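S.K.: As given, the protein sequences belong to chains A and B, one line each in that order.
Sequential numbering of the first sequence, starting at 1, is according to our numbering.
Sequential numbering of the second sequence, starting at 1, is according to our numbering.
Since the hints were made in silico from the structure, they are not lab data.
Hints are not guaranteed to be accurate.
Okay, the calculated beta carbon distance ranges per label pair [said to hold, decoys possible]:
| # | chain 1 | residue 1 | chain 2 | residue 2 | range |
| --- | --- | --- | --- | --- | --- |
| 1 | A | Q403 | B | G61 | 52 to 62 Å |
| 2 | A | N304 | B | A285 | 38 to 48 Å |
| 3 | A | T223 | B | A106 | 42 to 52 Å |
| 4 | B | G61 | A | N304 | 50 to 60 Å |
Partial chain B-side listing against chain A, Cβ under 7 Å, derived [to be verified]:
| # | residue |
| --- | --- |
| 5 | S9 |
| 6 | T267 |
| 7 | G269 |
Footprint (simulated), chain B over chain A, 3 or more residues, beta carbon under 8 Å [what the hints assert, rightly or not]:
| # | stretch |
| --- | --- |
| 8 | 227-238 |
| 9 | 250-260 |
Fair warning: this is a prediction, and the values are worked out from it, not measured in the lab.
Beta carbons: idealized from backbone N, C-alpha and C, even for Gly.
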Amino acid sequence: MEKTKSPSSTTRAIVFIIIGLLIGSGIGYVTAVSTRASSSSSSKLVTYTIGLASDLSGGGESFGTETVTSAQIAVTQINGYLAAAGSNVRFALSSPTDTLTTTDGAVSAITTLASAGDDIILCHCWSGQLSAVESYANTNKLVVVSVSSTSNLLAVPKGYLFRMIAPDSFQGKALTTLLWGDGIKNVAVIYRNDAYGQGISGVFQTEFTALGGKVTLEAYDPTLSDFASEVATLASNVQTLGVGKQTAVLFIGFATEAVNIFGHATSYNALTGVRWFSSEGPKGSTILPPTVPASIGQFEVQTNITGTFPQSITNNSIATAYIALFKAQTGNYPQSYGEQAYDSVYLLANSILAVGSENSTAVKNILPTMASHMYGASGPLLLDSNGDKASQDYAIWTIVNNQGTYSFKNIGGWAAATGEIIYNQ
Amino acid sequence: MIQIGDLVSTLMNGFLVGSMYALLGVSLTLSINGAKMYNWAHGELATVGAYVIAVLTTFHGVNPLAAVLFAMLASAGLALVVDESTYKPLVKRGANAIQIMLASIAVSIFVRYAVFIYAAAAFILTLKANVVTSTLTTFLGVQISSLYLWIIPSSLLTVFVLRTLLARTMVGKQIRAMSDNPELARVSGIDVTMLRRYVWLIVGAIAGLAGAFWAMYSFITPEIGFNLLVDAFAAAIVGGLTIDGTVIAGFIIGLAENIGAYLLNQTLGVPTQYKVLITFSILIAVLIIRPSGLTSRRSREL
Numbered sequence: 001m002e003k004t005k006s007p008s009s010t011t012r013a014i015v016f017i018i019i020g021l022l023i024g025s026g027i028g029y030v031t032a033v034s035t036r037a038s039s040s041s042s043s044k045l046v047t048y049t050i051g052l053a054s055d056l057s058g059g060g061e062s063f064g065t066e067t068v069t070s071a072q073i074a075v076t077q078i079n080g081y082l083a084a085a086g087s088n089v090r091f092a093l094s095s096p097t098d099t100l101t102t103t104d105g106a107v108s109a110i111t112t113l114a115s116a117g118d119d120i121i122l123c124h125c126w127s128g129q130l131s132a133v134e135s136y137a138n139t140n141k142l143v144v145v146s147v148s149s150t151s152n153l154l155a156v157p158k159g160y161l162f163r164m165i166a167p168d169s170f171q172g173k174a175l176t177t178l179l180w181g182d183g184i185k186n187v188a189v190i191y192r193n194d195a196y197g198q199g200i201s202g203v204f205q206t207e208f209t210a211l212g213g214k215v216t217l218e219a220y221d222p223t224l225s226d227f228a229s230e231v232a233t234l235a236s237n238v239q240t241l242g243v244g245k246q247t248a249v250l251f252i253g254f255a256t257e258a259v260n261i262f263g264h265a266t267s268y269n270a271l272t273g274v275r276w277f278s279s280e281g282p283k284g285s286t287i288l289p290p291t292v293p294a295s296i297g298q299f300e301v302q303t304n305i306t307g308t309f310p311q312s313i314t315n316n317s318i319a320t321a322y323i324a325l326f327k328a329q330t331g332n333y334p335q336s337y338g339e340q341a342y343d344s345v346y347l348l349a350n351s352i353l354a355v356g357s358e359n360s361t362a363v364k365n366i367l368p369t370m371a372s373h374m375y376g377a378s379g380p381l382l383l384d385s386n387g388d389k390a391s392q393d394y395a396i397w398t399i400v401n402n403q404g405t406y407s408f409k410n411i412g413g414w415a416a417a418t419g420e421i422i423y424n425q
Numbered sequence: 001m002i003q004i005g006d007l008v009s010t011l012m013n014g015f016l017v018g019s020m021y022a023l024l025g026v027s028l029t030l031s032i033n034g035a036k037m038y039n040w041a042h043g044e045l046a047t048v049g050a051y052v053i054a055v056l057t058t059f060h061g062v063n064p065l066a067a068v069l070f071a072m073l074a075s076a077g078l079a080l081v082v083d084e085s086t087y088k089p090l091v092k093r094g095a096n097a098i099q100i101m102l103a104s105i106a107v108s109i110f111v112r113y114a115v116f117i118y119a120a121a122a123f124i125l126t127l128k129a130n131v132v133t134s135t136l137t138t139f140l141g142v143q144i145s146s147l148y149l150w151i152i153p154s155s156l157l158t159v160f161v162l163r164t165l166l167a168r169t170m171v172g173k174q175i176r177a178m179s180d181n182p183e184l185a186r187v188s189g190i191d192v193t194m195l196r197r198y199v200w201l202i203v204g205a206i207a208g209l210a211g212a213f214w215a216m217y218s219f220i221t222p223e224i225g226f227n228l229l230v231d232a233f234a235a236a237i238v239g240g241l242t243i244d245g246t247v248i249a250g251f252i253i254g255l256a257e258n259i260g261a262y263l264l265n266q267t268l269g270v271p272t273q274y275k276v277l278i279t280f281s282i283l284i285a286v287l288i289i290r291p292s293g294l295t296s297r298r299s300r301e302l
């Protein structure tokens, strides 16, 4: 009798344990869900966190810092509106994770944020960095919105990845219009050999030669320490094209390389004797004296270096308010990608509010629809079928020397709608 | 199309860069022979020297010559501290060459990121020493800077002083003896512990000088030393781990990288971005044809 009774009581005990575990799991799950939805049970506030990855060191540092500041301005504003409306929802940004202006750094930053539970991420990612994180983000269903990736190579559907900036085809066209409009017929292009440089230089070459212009291309390896031989080659390319008012150099790279290349270029009469143009890459205080020697500042002014950078050029009250807040907070005007970061936070916040959760798949699905109904500091946020901003204006910058103080100056803009350059009065 | 002025400019740059490769390579050769280790943190000694001169001249108005001395002192001090705190204890515990090399990689990363953190906080991730140079002459549209007259002779003079020190002084002879056979040197009564300190001080000072020259020539980043290390190793290996050989190899690599890249681009259209391949082509060719290097190391010779 005891032999038959013992197994049945053991079975009963196991059944009780299983039932107990199931009940425990159920309670645990409910508790976890309610805890996540309400981070502060006393005030019943629901806080949604947007992960923030940005270049806080390396060549993209100045842009990355601007991205962080702009995102913080947007979150503060949004929370103010929500509080005024009596909402119990609030938004927060994760502590900014440095992407180091490298592809490895971007992957590491996104992985770190995902590990911390941030499935919706705002990233100051260049194209090379966004390419590097694409597979990981899609596999792990992470919504990543880049404010600075512009390569045409990424103008394809990217799943959970979006770009709050139009592809390089726009900047390539803007630069073409700018140079051609200034009477330039021959251009020696020097570009960093990555998705960013290849993208803009490729579009520029196609557009500029279609107008009848002549283009030479020279790629450089941005990981090198010095670009002396590259600059010598550039000087020869310029001489082959013919030094004069119809010849120019177009630089497509970042500030770290720019100062080295400009520094060597000061030694070549062929390079100081032509105009220089640039993409938005080097635009930042690190290419201006006193951070760089005065000789480089003189070179920049002497060659009348002129460039483009993504910024709304229409009179836009949202942009005006954002710029005022940015200037009040930092003492400076935003340089590049700040508007995009500011708009991206609004877009993500609206998408999360629409979904009512941080469910990344739901946010990914609703985000294009939300964007199509939004207008931000950078203009209409409408996305194309690739998840990229469908249109982008470009402001035009140059460098001026005001009694020894070098600074950037906006002199006009290229309107995407018309394809024309409009200079400031 | 080849422009003579641009070609001459690349030639001058080749000599200039080659002289700095030579300096860094010579100090690396000395550490390989004298301390019997492949120090992957060698580049960081140059980085520290580069930042010291750049910061002192740019933000504190220190005379460039004094700043160079400070750069050499800082790098020499760092070299000594790293050896005393890391390498020497490992040697005492019987670590093998690979373990010490791995430790040097760790030191390299540590120092590089320490500089990174400092430079990022001070907003000087990209910096150049504030040294006033003048244009000596303009040759076919290319300005020849006075920097060439400073750096190339100074580098050669440094190597000459080092050779004299090793050949003519008691300490130098003891270093050569230790380099040839450390155990024999020790039983002969040479204080190899103190001698090792001298070696690291000299190694650090020369590497710091190379870094300081680079900061005068071009812009630096916290990765500058690590990037230059490849060329320094190439110079040391191609040169057969002798001082004379390393100097010759340093100039060969500097010239080949600059002139080679320019000529290949202008004649065959090879992109200049592949100039690093030239360095490694030379390295591989020398290792295949003459594995001992351009000048092989004979007994009791550095």
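S.K.: Indicate, hint by hint, whether the structure satisfies it.
M.R.: For each hint, the structure was consulted:
no., hint, result
1, Q403(A) with G61(B): 52 to 62 Å, "21 Å, violated"
2, N304(A) with A285(B): 38 to 48 Å, "46 Å, holds"
3, T223(A) with A106(B): 42 to 52 Å, "22 Å, violated"
4, G61(B) with N304(A): 50 to 60 Å, "32 Å, violated"
5, S9, "5 Å, holds"
6, T267, "11 Å, violated"
7, G269, "10 Å, violated"
8, 227-238, "holds (count 7)"
9, 250-260, "holds (count 4)"
Hint compliance for this structure: hints 1, 3, 4, 6 and 7 are broken, all remaining hints hold.
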